[in-house]
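Peer 1: Given chain A's structure and the hints, the job is docking chain B onto it.
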Amino acid sequence: MRRPGVVAAACALALAAASSASAQIAARREGPRAGSWEAGGGVVWSGSFTGPRRTAELTENGESSGGFDLFTAIGEISSGAGLGVTLGYYLSRSLAVEAGLRFSKPRLSFRLTGDIEDAGAITADETLTRYVFTGSLVFHLRDTSQGRRLIPFVSGGAGYIRDLHEGAELVETGTEYHVTGGIKYWLGRGARRFGLRGEAGVSITDGGFEFRDGTRTLPVAAGSVVYVF
Amino acid sequence: MRRRVLLPMALVAAATALFVFAAPEAVSAYLKLGTRLQGRMATLRWSTFPIRYFVTNEGSAGVPATEFQAAVTRAFNTWNGVATANTSSQFAGFTQARPLADDGMVVIGYATRPDLERTLAATNFLIDVTDGRIVESDIFFNTIFPWSTSSAGETGRFDVESIALHEIGHLQGLGHSALGETEVRPGGRRVLGAEAVMFPIAFTAGSTADRRLRPDDIAGITDIYPRNNAESRRLGSISGKVTKNGTGVMGAHIVAFNTATSALVGGFTVNESGEFTIAGLEPGPHVLRVEPLDDGDIESFFDRSVTVDLSFGVRFHDRVVVVPRGGGTRDVEIKVSPK
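As they're listed, the protein sequences go chains A and B.
If you count the first sequence from 1, you need to add 6 to reach my numbering.
If you count the second sequence from 1, you need to add 266 to reach my numbering.
Same shape as in the complex, but just chain A (with noise of 0.2 Å):
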C-alpha cells in the first residue's frame, strides 16, 4: 500500500522538473530577461533637411522699404548614413534602458544663385562631424511577438548634439528627442545570443548647426547587429 504512494510522489517530482526545464526553455526562447546587458553596433540614417532662404540684402536707396538684392543663399544638410553603437540594460523582461551613440558626416552646403552680378551660381559645402550621445528607454512588446524570436519594440528618449564644423575649430552643441519603434530579431538559442535591430522613428532637434532658432523633425532609421549577454 505505500508503493502507490512512492509513485506518486515520484510522478509529482517528475512533474514539477519537466515543468521547471520547459519554463527555462521558453526563457530562454523568448529572449533577454532583466538583469541581460545588450549591446549593438550598426548604421544609422537620418533624412535632410532644407534651411530658410536666406539673402543678402542691401538697404535700398530712396522711399520703398525693401532691400536691395546681392543674392541668395538656401541651405541645406544632406541625408546620409553614419555609424551607431548601443548598450542596454534589462530592467524586465520588456523594459531596458539604453545608452547609444550616433556618428555622422552629413553635407552642409549653400546653394548660391540670383547674384546682381551675374556671379554664376554655385553650391558652397563643407562637411560637418555630428556627435549624438544618446539615453532612451526601450519598451518590448513581448505580448504580441510572433515565435518568440521576434520583438517589436517602441524606444523614446533624449540626447545630445555636439556638430563639429570641418577643421574642428567650432563646435556647435544641442539636444535631441527621439522616438522610434522596431523589431529585434533574435538569433540561436541561449542566454547568450546575437539578434538583428531595425527601427525608424523621428529625431527632434534643438541647437547643434542649424538654419535658425527653433526646433526641427527629421526622419531617423537605424539597423544594427544585437548581442545579449
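Do not rely on the hints blindly, as some may be mistaken.
As the list claims (entries may be wrong) - Partial chain A-side listing against chain B, Cβ under 8 Å, derived: (1) E63; (2) T65; (3) E82; (4) F116; (5) A130; (6) H171; (7) G173; (8) E175; (9) T179.
Claimed, not checked - Coverage of chain B stretches by chain A, computed from C-beta distances (three or more under 8 Å per stretch; other residues unrestricted): (10) 438–452; (11) 525–533.
Treat the hints as calculated values from the structure; they're not laboratory data.
Built from N, CA and C at the ideal position, the CB exists for glycine as well.
Peer 2: Coordinates of chain B only, in the frame set by chain A:
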C-alpha cells in the same frame, strides 16, 4: 574723406593739405585709414579717449547750431554704443573756430565750399608721423547743400545725423566700405543700395537710413578699437588670398555673408599677394563672394599709387567658410578668372 552726393568720374582734388588719403594697411581686416610711417603702414587711430569735440556756433539755413550739435552728438553716441568696440566722446562746447583749421581742436561745423560741388562733408586729420596717432580731426558739412535734423527726415534735405555718422567713422580711422551698388547716371553715380554707413556715396536727400550702423561698420570699428569683453572676444576672422592664374589680385572686394544672420561684412585684398582678412565676424558658417571694385570709384578706397586689378569676374567661393569663436580661419584661397 568725403561723402558725396553723386560721385563724379574724376574726383576733385584733396580738400586741404592736412588731408590724409586712405591707404590700405598691409593686411587689413577692414579698409582702415592708414599712412606710411618709416617704411611701414600704420593705422590711423586715436590713442586716448574720450574724443573731445567742439561744434562751430554757426548754423546753416534750416539747422541752427544747437540742433546741429544734438545731431552730431547722437551720431557719436551711436558709435560709442557699439558693444564690441571701445570708443567714447565728449562734447566740449561751442566754438567760433572753424573746421579744417590747424588749431589742435576737434571741430565739427559748417563750411561753404562751392568748389566741392559734389562733396556733402569731409573729414581731415592731423597725425603724429611717428606712430600714426590722430592728434586732431575736423569735419565740415558743406553749406551749398540743404540740411535737416528732422526726426523723420525731410524731403530734399540731407540728414545731418546720417552724414555725421559716416564722417565720425572716418574721424575714428575707418576708411570706406564697398558694400553697395551704384548705377551710372549723367553727371555721376547714384546709390541703388548700400549696407554700410561707410559706403562712400550718400543715400538720396531726405533719407535717414544711415542713422543706423550695419554689421560692416561694427566690424570695422571693432577691429580698430576692440573692447576687451566676452562679446568682442567671441568674434572671429577669415583670412586668405584671392588669386588669378596663380597670381595675387590687388584691390579685390570680398564679402562675407553670415548664413545664420544674413549679416554682410566686407574686406579687401590689400597687397600684391592678394591677401585679405575680414575680422569682427560672428562665429559660424559664411559664404564668400569676391568682386572687382567699380572702375569709376577706385579712389574712394585706395591711394592713386595703388594699382587695383579690375579685370576679373565676380564669383562665389565654392566652400563654406566657418568662423571659429575667438579665432581665425586661415588660408582660404579664392580663385577668380580673368574677365
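Peer 1: Against the structure, test the hints numbered earlier, and report the numbers of the ones violated in rising order.
Peer 2: Going through the list in order, the structure violates hints 3 and 9 and respects the others.
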